[in-house]
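Colleague: Residues per chain are reported as follows:
2 protein chains.
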Amino acid sequence: MNPYQAPLKDMQFLLEDVFDATSTWQSMPDIADMVDTDTAMAILDEASKISRDLIHPLNRSGDEQGVSHVDGQVKTPDGFKQVYQQFAEGGWVGLCGEPEFDGMGMPKMLGLLVDEMGYSACNSFTLYGSLTAGAALCINAHASDELKSTYLPALYSGQWSGAMDMTEPQSGSDLRTIRTKAVPQDDGSYAISGTKIFITGGDHDLTENVIHLVLAKLPDSNGISLFLVPKITVQADGRLGEPNGVTVGSIEHKMGLKASATCVMNYDNAKGFLVGKPNRGLVCMFTMMNYERLAIGIQGLGSAQAAYQMAAEYAKERTQGLAAGGSPTGASSDPIIVHGDVRRMLLTIRAMTEAGRALSVFTGKQLDLAKYGQNEAKAKASRYVGLMTPVAKAFLTDRGLDSTVMAQQVFGGHGYIRETGIEQLVRDTRIAQIYEGTNGIQAIDFLGRKVTGDNLATLTEFVTEVRADIDTLNATESDKNAVLERFEVLLQTAAYINDNKLNQPALINASAVDFLDAFGYTLYGYYWLLMADKASTNNDADFSAQKVYLARFYIDKLLAKADYHLSQVNQGDSAIMAMPENLF
Amino acid sequence: MNPYQAPLKDMQFLLEDVFDATSTWQSMPDIADMVDTDTAMAILDEASKISRDLIHPLNRSGDEQGVSHVDGQVKTPDGFKQVYQQFAEGGWVGLCGEPEFDGMGMPKMLGLLVDEMGYSACNSFTLYGSLTAGAALCINAHASDELKSTYLPALYSGQWSGAMDMTEPQSGSDLRTIRTKAVPQDDGSYAISGTKIFITGGDHDLTENVIHLVLAKLPDSNGISLFLVPKITVQADGRLGEPNGVTVGSIEHKMGLKASATCVMNYDNAKGFLVGKPNRGLVCMFTMMNYERLAIGIQGLGSAQAAYQMAAEYAKERTQGLAAGGSPTGASSDPIIVHGDVRRMLLTIRAMTEAGRALSVFTGKQLDLAKYGQNEAKAKASRYVGLMTPVAKAFLTDRGLDSTVMAQQVFGGHGYIRETGIEQLVRDTRIAQIYEGTNGIQAIDFLGRKVTGDNLATLTEFVTEVRADIDTLNATESDKNAVLERFEVLLQTAAYINDNKLNQPALINASAVDFLDAFGYTLYGYYWLLMADKASTNNDADFSAQKVYLARFYIDKLLAKADYHLSQVNQGDSAIMAMPENLF
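Which chain is which? The protein sequence lines are A and B, in order. Using my numbering, the letters of the first sequence correspond one by one to residues 1 to 584. Using my numbering, the letters of the second sequence correspond one by one to residues 1 to 584.
There may be inaccurate statements among the hints.
When chains are identical, the list treats them as one kind, so a pair holds in a single copy or across two.
[As the list claims (entries may be wrong)] Keeping only pairs whose Cα atoms sit at most 35 Å apart, straight-line, the calculated DSBU-like set for lysine-lysine is:
id, residue 1, residue 2
1, Lys217, Lys316
2, Lys561, Lys534
3, Lys49, Lys81
4, Lys181, Lys534
5, Lys534, Lys81
6, Lys181, Lys316
7, Lys148, Lys561
8, Lys561, Lys181
9, Lys316, Lys501
10, Lys561, Lys480
11, Lys49, Lys316
12, Lys371, Lys49
13, Lys217, Lys9
14, Lys561, Lys316
15, Lys9, Lys75
16, Lys148, Lys316
17, Lys49, Lys217
18, Lys380, Lys501
Just so you know, these hints were derived from the structure itself, not from any lab.
Could you build all of it, start to finish, from the sequences and the hints given here?
Modeller: If you want it as structure tokens, here you go:
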């Protein structure tokens, strides 16, 4: 199997031609001088080499070896530490970090493409850096200046790493019930005690310290607060001090992501520092969550991209049977890519993945505009971040699993064998539908808070803008109408939900996943019209033709999936809610 | 986690009330005296205990330990050999075998429910017996009397086991290219030489001998012949003789099914015996394939059933969040089964699994009628076996993966942890979409051979019969029409394919999976009307109500999936076939 090759041309196309990165960045005073598309492409080019030459070679061996937990120490697979140090030294952990604290200050719109390459190359490896970047983001947004200056430079440099500690055995999706306690100390710090589970990168040997962001409750409070708790205390001069009361109870044995340490963390009067205001921990955590949820969406996208490359290459090499109507080359056996069903699978993965990358870049652009933009553009981008983040997380990861399973199917029996590698992508990406809030919870967030929470204002604003854009695109009326009509039904369906959400309390919960999927499939129709239009002027005729073929395939073959999901949403909740629990 | 509990009441309902097992069996002279529904339920009750108490306890430990290959010997996990001996001594391997050779002579309609229990309890364990039963079936149908009397009793008794050897490295879906050779010997036997891969149960320590059915080519022939090749030769008196030239090259390391030995088998002038006529090996193999393909469909069904039980139990126990509109019990946290999205997943799995069991029993009934029936009933059943087998194999296994993935999602983060066990079902059942002919190949067989191969005659016959039956059922006109109209579109769509199959040679290959899925979702609509009707007179009010709730859910929420797939089939193949290979 050839090593992973980042789809640089597709990435450049999205940045330059589809989402106007250059003019977007020029409109942002904070970063206008730091990045243009030449810089961006140089960064992507370098990231593609690191992904291919350093990270991807760890993928299979990391899966086979896994992490271990011996004598209280978590050990990553061979090679991880060395490559992580090179990765960190290249500045990649701090790529989108604050320049004030030695981050590189790059926009997320660019950084997320680097994330995608990492996930394509090795899901497990990339999580360590992603969690660290997320923790740094949260600290930067909410922590005191003292905490920032103490912790951010070492996080951005990759010298230390970060982790998010939310879940407890009794408290997963519902964080009201956490029991971890934080007792104020005389020196202004807090003594943290409790047990957290499912902590990705909770401990490992890649870095000399792990900085935990821990949700806990203050005495006599049901509110949830956020604390920074280092594995090893940090002295006033920035050097490491005594070990803190932070230990690893065990590591989980999982379906996949075997080289990523998923830890049970025990806190026993560990020294922690309040981040943000007391009882406002969830607000602080959710700052990070929008980034992390997009990052997890990109885990699904990156896995799908890698799976596509493997399956397409296999389909071009593996000969079996003859093309319907006779071999095009007169061979006794044709490569399986001649078969309609194999092409159907490859085209589905590719069309979903390229539109998924458009969703990813669009959402990243909104994160940048919400952070660096001005006035109304900034406010609108914040609304769109809220709207699009749950879609990106859920739709990219659900389609990510579909894609890896479909790619595995292209391999036939060989796809079930570990050494082929494709089954690892299925196992590794499966978790992305679950963590950072299950995709069901993303859908409920989307429909309950983002769509109906403001009585459809943001959704209507977004769809109105999309419809206006579709009007300007070079496409047939038939194709435009195929997408426009579904957006119209989508708005009607959203209105039905909004009108009935009070008299049918379970309606949102019961309809949410179908509504999100309907939105996703319709949105991808828009992205394919947009990409076909923008590609039509590309000076690479093959590239241009490819986008037209893929757009045709998407509009003809996949867009109609929206209809099924739309048909599910406007029927009320009784078919789902009626059966009594004892009959399950 | 509670142990597996076979859904005996649902099974009994299908046998007695939905598919008239008693009158069916009474119509068959060969088995009328041997089985009635009391006998059948006694057998199912005993099988349920064995599945729960003996087989299921091997499932997790078998996955953790896996098979090993040391010094040329394949070793199954601890406990497998002991339980297999108990299983064999109970007569379960020969349950549907010929009484003439010490089989129990039970109908497949019953045996497949035992198979389902086995797959629910442990996929890996159940494969060993299933392959043995399949090999015995093929030998019984095609081998000489001498081979039958030498090999069948020891296969039915479980003293020896069976394996099918088709695939070679260069020859998977396309068997034309096999290279294994069979050279005639003076004593009437053949010397078999070659390498076979992906041989399930190719070697192991459960039985003292393994009887291989090997596809090979005679000298100077491109035809494919079938040979019986024992691992250890059998003397004239039936005792084991010298080892044959059959060795295990290696075992595969797989995504799942870790306790099932998947072997590379090397044949070096091994002594083999022709089964059936020279160059007619594929015909012999396909006798077995209809049974094996149904059995693999049932692997998907059994996994889905087990996954449902685990997820439903978890959803009733795990508390997290509050019901929309407030806790029904006033609790501070409700079991997650109150949430619409969780119910949606559970209802989907259950509605698909119960209809899947109906498909399975219907297909088994046709196998029995084709074997034991009389005159036109026998001939019609043979046509229906051909029509339904690829649907049962593909649709049951595709929905089996969907169901296990959905059940895993109900578990949230706990679903990704190995010790929970649900992720093993996902990994174990994934192969069922691939082996015994990938589901793409099943779909092409269905649309290309079974549907359009006779210019829609069998499909039309079947649909006509179903429509007439729907007219007699107790259901609303609206619900009946929802199913009837989709059958109408299905026939129109099939006619479109049939009319265009010559001018668009790739059309069948490109449309097959969507056509099969459209048929499956429409057919399940019929099964739910049928089951709701038959359950309405059940004296267990809860049971009756449950079937009505599930039918309502299926008709309202899942039947419309047929529409998407139907919409894909009548568009020609250009969206799939047009893009040149170099642009993939």
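Colleague: Going back to the hint list, which numbers does this structure go against?
Modeller: The structure breaks hints 4, 5, 7, 8, 13, 15, 16 and 17; every other hint is satisfied.
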